[in-house]
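Protein chains: 2
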Amino acid sequence: MKTPTATDIYKVHKRIKPFINKTPVLTSSYLNQLTGAKLYFKAENFQKVGAFKYRGATNAVLSLSKTDLKKAVATHSSGNHAAALALAAKKAGTKAYIVMPNNAPPIKKNAVADYDAIITFCEPTLEARETTLQKIIEKTGATFIHPYDNIDVIKGQGTACLELINEIPNLDIIIAPVGGGGLLSGTSIIAKANSIKIIAAEPKNANDAYLSLKTNKLVPSINPNTIADGLLTSLSNLTFTIIKNNVDEIITVTEQQIIDAMRLVWERMKIIIEPSSATVLAVVLANKEQFVTKKVGLIISGGNVDLNNLPF
Amino acid sequence: MKTPTATDIYKVHKRIKPFINKTPVLTSSYLNQLTGAKLYFKAENFQKVGAFKYRGATNAVLSLSKTDLKKAVATHSSGNHAAALALAAKKAGTKAYIVMPNNAPPIKKNAVADYDAIITFCEPTLEARETTLQKIIEKTGATFIHPYDNIDVIKGQGTACLELINEIPNLDIIIAPVGGGGLLSGTSIIAKANSIKIIAAEPKNANDAYLSLKTNKLVPSINPNTIADGLLTSLSNLTFTIIKNNVDEIITVTEQQIIDAMRLVWERMKIIIEPSSATVLAVVLANKEQFVTKKVGLIISGGNVDLNNLPF
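Same order as they appear, the protein sequences are chains X and E. Residues in the first sequence are numbered from 0 upward in steps of one, following numbering that gives the first Met the number 0. Residues in the second sequence are numbered from 0 upward in steps of one, following numbering that gives the first Met the number 0.
If we strip away everything but chain X, and leave its shape as in the complex, we get:
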């Protein structure tokens, strides 16, 4: 199986740089004191559409042939990837077809609609999503951009880590959240190429990646139930292969640990991060001895939360 290299990601960074936000790396003297570590937060909540997903979507769109680009792109997603692909398509002057479950929250529908995507609603099952998408693709010739099982998407996601290590050299450890594994794959390739330990953060209630790495075979995510709504999906063969080759450890955290870490970031750092992003700090807070005195990079994946439905 062909997997991306660090060199690929460096090249992709040059390509997408004019189109993405160079997000800041933030620190907090309070959290450094609390943990005894030196924490560097790569704040992708300040990325366009409020999440790292814009990097991968942008690269995927820019990787299309002129003919394919002219037709359209398509995906099924109710989350950040849908909004990211919609905006990336809009900026590239093409159409985005997004299949969303009919029970997606209004805030997510609006985010996608704001970027002029053509939304098709379907029953909230994976089967309905895939069938609906297939019909659209047959009709329109749109290219399916999978949220993570896509080599161009993975390369794009890796550029956040690249910017982080360019700005903060000599990190000992990098922690990224894992859902479908696109962000973790890209991040781990850059980390390994720079001899930095790479740890993944996963909700205990959606611990399929943890189990996959432990048993050395792809365990799907079955009925995950976590507030970290960006981390519900299963690894693909592609992301599992990359993660197996690169990731040193996956650490799981409880729902309460995620909520506490999220609250701490909101209160002390004054930034809005989504629950999926809070998993990385939760890992440090629950395992202080492992990180004390270390320079730790944390990938804050996004900041899209429904303010009408907060856990505190």
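Since the hints were derived computationally from the structure, they do not count as laboratory data. Treat the hints with care, since some could be wrong.
It does not matter which identical chain is used: a pair holds within one copy or between any two.
Claimed, not checked - Below, simulated EDC-like cross-link-like pairs (lysine to aspartate or glutamate); rule was C-alpha separation at most 20 angstroms, straight line:
no., residue 1, residue 2
1, 21, 166
2, 287, 166
3, 216, 166
4, 294, 248
5, 216, 266
6, 21, 129
7, 13, 259
8, 203, 148
9, 213, 266
10, 287, 162
11, 213, 247
12, 108, 266
13, 94, 248
14, 65, 266
15, 69, 259
16, 191, 7
17, 196, 129
Predicted, not measured: the structure shown is a model, and the values here were computed from it.
Position chain E relative to chain X; hints supplied.
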């Protein structure tokens, strides 16, 4: 009455620079599109203690004679000034006595206690606060640092605007919130010295500064009732004099306009700002024609909110 000059504020900035955060100036393409203006947010929510108040408190503490510094500083406040003075005193190696009303929310008590201040609780009336403070000062020889009726505090608060115009030249307008007028005084001195129009934002439900400017005499704030809890206080003779001389206009905003603006910043900019800070954006949103095509600097005063008690 002696009032500070822009030169004073430049000097103070050099003095306090090593002790404060140089906060970022943020932009939002979404909000620029929504308003038709070019908005530059000076993000004092990222200042130490989460508010611009740390600038003034730091300068006041650094302005003390060695003898006075050794004794202690004191103030009565339940808000950001209390936390700011507590931390500034701690960093300068002296004690801070803080008088707080016994009904202050636990989150505010904890913030002050975290910085090792000596807290005295009293009945929640201005009289009780002043009497209690007076007793402490008599006993300890502490210097009273008023939250805004203090020339060193005002000079410190002006440094946020100074950093803003150094980073973003050629602003047409600057908007700052007004409560007791410390921030607005310092900001207006810098704005006027640089020929920039200066507008103040005030809650309609606490419109004492608006009425004072209109009637040309100091109108006290009587039973103000606004979510913008940093803007409840009345102007002093000192701040009223400075504001009269410099401020072009005070624009009031409703509670709903404040809440809507706050929510917009949280959702779109992914930063936590407190209601007092949201008044400045609320002014732009409610008066778009006045700001369209203009380069507008907005002083975001702080980010201390009680997450258990949000207006949405």
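Evaluated hints:
1. 21 <-> 166: both (11 angstroms within a copy, 18 angstroms between copies)
2. 287 <-> 166: Classified as neither: same-chain Cα gap 24 angstroms, cross-chain 39 angstroms, threshold 20 angstroms.
3. 216 <-> 166: neither (36 angstroms within a copy, 53 angstroms between copies)
4. 294 <-> 248: within (17 angstroms within a copy, 49 angstroms between copies)
5. 216 <-> 266: Neither way: residue 216 and residue 266 sit 40 angstroms apart in one copy and 39 angstroms across, limit 20 angstroms.
6. 21 <-> 129: neither (34 angstroms within a copy, 50 angstroms between copies)
7. 13 <-> 259: neither (37 angstroms within a copy, 38 angstroms between copies)
8. 203 <-> 148: neither (23 angstroms within a copy, 53 angstroms between copies)
9. 213 <-> 266: Result: close neither inside a copy nor across copies, 35 angstroms intra and 38 angstroms inter.
10. 287 <-> 162: neither (26 angstroms within a copy, 37 angstroms between copies)
11. 213 <-> 247: Within one copy only: 11 angstroms inside a chain, 67 angstroms across chains, cut-off 20 angstroms.
12. 108 <-> 266: between (28 angstroms within a copy, 15 angstroms between copies)
13. 94 <-> 248: For residue 94 and residue 248, neither the intra-copy (40 angstroms) nor the inter-copy (46 angstroms) Cα distance is at most 20 angstroms.
14. 65 <-> 266: Neither. Shortest intra-copy (47 angstroms) and inter-copy (35 angstroms) distances fail the 20 angstroms Cα cut-off.
15. 69 <-> 259: neither (46 angstroms within a copy, 39 angstroms between copies)
16. 191 <-> 7: Intra 14 angstroms, inter 52 angstroms, cutoff 20 angstroms: intra-copy only.
17. 196 <-> 129: Neither: 37 angstroms inside a chain and 57 angstroms across chains, both beyond 20 angstroms.
Hint compliance for this structure: hints 2, 3, 5, 6, 7, 8, 9, 10, 13, 14, 15, 17 are not met, and every other hint is.
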